[in-house]
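Chemist: What follows is the residue order along each chain.
2 protein chains.
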Amino acid sequence: MTMNLESGDMDILIRGGTVLTMSGGGEIIHNAVIGIKGDKIAFAEKNEESSSRLYRARNTMDASGSLILPGLVNTHTHLPMVAFRGMADDLPLMEWLSRHIFPAEAKYVNRQMVYDTARLAIAEMILSGTTTFCDGYFYESGIARAAMECGMRAVPSAGFIDLPFPDSPDPANHTGIAWKYLARWKDRSTLITPALFCHSPYTCKPETIRIVKEAARKAGVPFLIHLAETQEEVRITRELYGLTPVRHLHRLGVLDEKTIAIHAIWVDDEEIDILGDCGVKVSHCPESNMKLASGICPLTKLIDRGIAVGLGTDGAASNNDLDMFGEMDKAAKVDKVMRMDPTIMGAETVLRMATIGGAEVLGLEKEIGSIEPGKRADIIILDTKKPHLTPLYNPYSHIVYSASGADVKTSIINGRVVMKDRRLTTLDVDEAMAKVAKIADAIKKDRLAF
Amino acid sequence: MTMNLESGDMDILIRGGTVLTMSGGGEIIHNAVIGIKGDKIAFAEKNEESSSRLYRARNTMDASGSLILPGLVNTHTHLPMVAFRGMADDLPLMEWLSRHIFPAEAKYVNRQMVYDTARLAIAEMILSGTTTFCDGYFYESGIARAAMECGMRAVPSAGFIDLPFPDSPDPANHTGIAWKYLARWKDRSTLITPALFCHSPYTCKPETIRIVKEAARKAGVPFLIHLAETQEEVRITRELYGLTPVRHLHRLGVLDEKTIAIHAIWVDDEEIDILGDCGVKVSHCPESNMKLASGICPLTKLIDRGIAVGLGTDGAASNNDLDMFGEMDKAAKVDKVMRMDPTIMGAETVLRMATIGGAEVLGLEKEIGSIEPGKRADIIILDTKKPHLTPLYNPYSHIVYSASGADVKTSIINGRVVMKDRRLTTLDVDEAMAKVAKIADAIKKDRLAF
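Top to bottom, those sequences are chains A and B.
Going by the working numbering, the first residue of the first sequence is number 1, and it counts up by one from there.
Going by the working numbering, the first residue of the second sequence is number 1, and it counts up by one from there.
Everything labelled a hint here was simulated from the structure, so no lab data went into it.
We treat Cβ as the ideally placed atom computed from N, Cα and C, and that holds for glycine.
Warning: the hint list may mix true and false statements.
Some residues of chain B that are not near chain A, with every Cβ distance over 10 Å (derived) [what the hints assert, rightly or not]:
#	residue
1	218
2	276
3	329
4	360
5	406
Ranges of calculated distance between the beta carbons of each label pair, as one might list FRET restraints [to be verified]:
#	chain 1	residue 1	chain 2	residue 2	range
6	A	110	B	26	50 to 56 Å
7	A	38	B	420	41 to 47 Å
8	B	441	A	56	29 to 35 Å
9	A	273	B	252	52 to 58 Å
The following residues of chain A were derived to be distant from chain B, with all beta-carbon distances above 10 Å [as the list claims (entries may be wrong)]:
#	residue
10	163
11	205
12	295
13	425
Please model the entire structure based on the sequences and the hints provided.
Modeler: Right, dumping it as C-alpha cells:
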C-alpha cells in the first residue's frame, strides 16, 4: 500500500546506485533511494517496489550505476596557497619557505587576495568531491565568506603566529581578535564553524598558544596547531623549551578533545599516549608530508590508541592540489610501504578517515560524515561507467585506489546541489581562475616563482 | 615572405600552447606550432608571424592555453589484470596471489579474455595520456592485435613461466614458441615491437631464462624479467641458487643492454654496479610497490649510476589503475619521503622517466619519447583551464604534482588522432567495458573476489 504523504514530499530524491553509508555499521545499500528534505537526509534505503513510502520530489536524480557516498572532509588546508601552487618545488624546506613562500605571503596576501583565492580553491574542492574543509590562514573571514557564498561547509580557523606576517596581531591583542572573529562567525550559518589556529609550537610563543586556546575553549570551538611535523621542529622546540612539541603543549595545558594536531609525525609512544589520554584529534596530510620529505605519522599506532584521525591535503603549494582522492590513495599506499605491510590502512579504513573520521576530528560527527537519516545532506555521486572504474568488485577499493576527483559527477552540500554533471552552480569558475591567474602574473614578475 | 609549399603541407598542425619537448636540451616552446606529416613530427617551433613556413594542414588544432608533451610511456604492465582490478586488496601478498589472482588467472585467462581486457586497458591508457605500453602476459598475441587495431604503440612481451599456467609451455618448447611469436609480430607494424618476458628468477628455471634470453638476443628484441621485487624473492633465490636475484641472472649471462629489470628494489650497491656495467634498464613501478608493500627501489642510486629508468603502472590488480600521472606523482613523493630529501626526484626528472626515459628503457628512444623533428608523432595535449591547474608557474610541477589522466584532452599516436576532446576514435568504450564487466560477473559468482 502506498500513501500520499504530501508533507513527506522530498526536495531531492537520488534513485539507483550503490550507497556507501559510512555509518558505524558500515552499511552498503545497493539499488538505493535517498530522500533529502531541506538541508537533511530524510531516509536512505533500498529502492523496493514494496515500500510503503511514496517516492516523490521536486528534483529526482537518476544515479543508477553510480557510487554514492558522504562528501569528503578535508581536515587541513590553507586555501590561499593555491596562488602559490607549483611556484617553487623540489627545494630544501627552509629555502622553499624563506625565499619563496614567506616573501610571497608577505607581499601578496591581503583581504581581497584571500577571498579571491578561496573561491578558486572551493571550486577545485567541489569538483573533486570535498564538501567540508578546515582551513587555517590570515584574513580568515574572507574564507568564511567565500565558503558561505558558495554553499560550502567549512571550519575556517583564524590564524595566529608571532612573526611579522600580513595580519598577524600584537600578542597583547590576541584575545580581542579571537573573540571578534568568533563573534562574527559563530551561529551565523549552519555551514560555518569558526575555529582558532596557532601556527606551531616554534612560531607561536607559549603565551600566544595559551591565550588562543583559552579563547577557543571558552567559545567551545576547535583549536588547531601544526604539531611535530619535522625533525627540525622537534629540535627547535627542545632547544627553546627543553621539551618535545607534544610535551611542550601538554605542559601548556592546551591538549584536549577540541584540539586538532596537524601532522603529528615525530611523536614517540609516550607522546601518542598523551595525545590519546587528552582526546586530541589528528589531521594526517600524507601528500604534503611526502613532498616536503617531512616523514609519515605513525598512523596505525594512532588509530590503535583510539585517536580520531582525518585526512587533509594541506595547502596547494606543498601537494600540489586539493584532491582528497589522491590523498586517500597515498594515505593507504605510503603507510603500507613504510611499514612493509600490505594489510594495513585498507581501503575502507582510509575512506572512513576521509569521511566520518574527518567529521569526528572537526567535532562535526553528529552533523556530517555519513549518509544516515537526520544528518545534513552532504553527498557526492561518482560516475563509474568509465574504463578505469571497470569492473567493480569492491566499492571501497575503487574509491581509494582507482577513482580520482574528476570522477565525481554531482555534489550536494547541506541539501543544495552545488555541482551537477561537473558544472558548478554556486560560483563562476572562469572568473575565479582569471582572478588568481592575475595574482600569479604579479608574482612571476617579482621572480618569486621558480 | 611566405612560400606556397604544396608538398610541405602538413596532415596535422597543432597551434598555440606550451610544448615540453623533453629533448636532450630540455627545450620548452611557448606559443608553439607543431607540424605532423604522416606518422612523423615535421617541425616543432615557435609560432611566429615572421616564419617563412606556410602553416597549412588538413587538420589544424587550436591548443592555446594547453600543455603539449610527448605521449607517456608505460614500461611495465599486465593489461588483462584490469579484469582483477580491486578483486582482492589489502591482503598479505601470498594470500592475494595464491587464493585470488592465481586461481582467477588459471580459470579465466584465455585467448579471447586477453584480447577483450586489453581493449579496455588500452581505452583507459589513452584516456590518461599513455601512448606506448610494454606488457608481459599470456596469449600476448591478443594484446599485440588489440594495440595494433586501436592504433596504440606497444611492446607486447610473450610471457614464460615454469608453473602450470594458462598457456605456459613445456620448457622444451620455449625456443619454438618464442620464435613463432617473434616471427608473427616482428616488422609487422611500426606500432608493435614484440619482446619476450620471463616472469622472475624464482618462477622460471635457469634453463628457461637462458633459452628465452637467447631467443630475444638473436632477434634483437627486449627481454624483460621481474627482478628483486620482494625480500621473499631474494630469500628464495638465495635458497635455490645460492645467489641474490641479480647475481643469479648475471651468472646466467642474461644481463645486457636489452634486458629490462622490472622493480629492482632489493639490490645492493654491488648489484647496482652489475646492472650499470651490463647496461641493464630498469622499470620502476612505485604504486604497485607501495600497495603490495614490496619496498621502493634505490632510484637516485640507479640514476646516478647512469642506469636508464622508466616508470610503469604494473597491472591494475596491484595499483589499481593504469594512469601514469598518478605514477609520476608517487614516484616523486615516495622517494622524497623515504630518503628524507625534498630535492630529489624533481618534477622534470620524473617527467623524463615517464617519456624519453621510458622510451630509452624500451630501446625506442630514437623513435619516441620527445617532441623533435623526425620522431614519430606521439603527442598528448592537456587542458589547463581548470581550477586545479590554475595558476601555472612551472609546467613540469603541474604535470607531475597537479594533473591527472583526466586532464588529457587529445592524444595522437603515430600521427593518428586516437582521442579528441576525450572521445576515443579507434575503439568502442562501452563495448569494451561491457565485455570485461561480463567476465567480472563470472569471477564474482566464483567467490574469488573479496
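Chemist: Run every hint past the structure and note whether it holds.
Modeler: Each hint, compared with the structure:
no.: 1; hint: 218; in the structure: holds, 37 Å
no.: 2; hint: 276; in the structure: holds, 25 Å
no.: 3; hint: 329; in the structure: violated, 7 Å
no.: 4; hint: 360; in the structure: holds, 22 Å
no.: 5; hint: 406; in the structure: violated, 4 Å
no.: 6; hint: A:110 - B:26: 50 to 56 Å; in the structure: violated, 36 Å
no.: 7; hint: A:38 - B:420: 41 to 47 Å; in the structure: holds, 44 Å
no.: 8; hint: B:441 - A:56: 29 to 35 Å; in the structure: holds, 34 Å
no.: 9; hint: A:273 - B:252: 52 to 58 Å; in the structure: holds, 53 Å
no.: 10; hint: 163; in the structure: holds, 22 Å
no.: 11; hint: 205; in the structure: holds, 28 Å
no.: 12; hint: 295; in the structure: violated, 7 Å
no.: 13; hint: 425; in the structure: holds, 15 Å
The earlier numbered hints that this structure contradicts are 3, 5, 6, 12.
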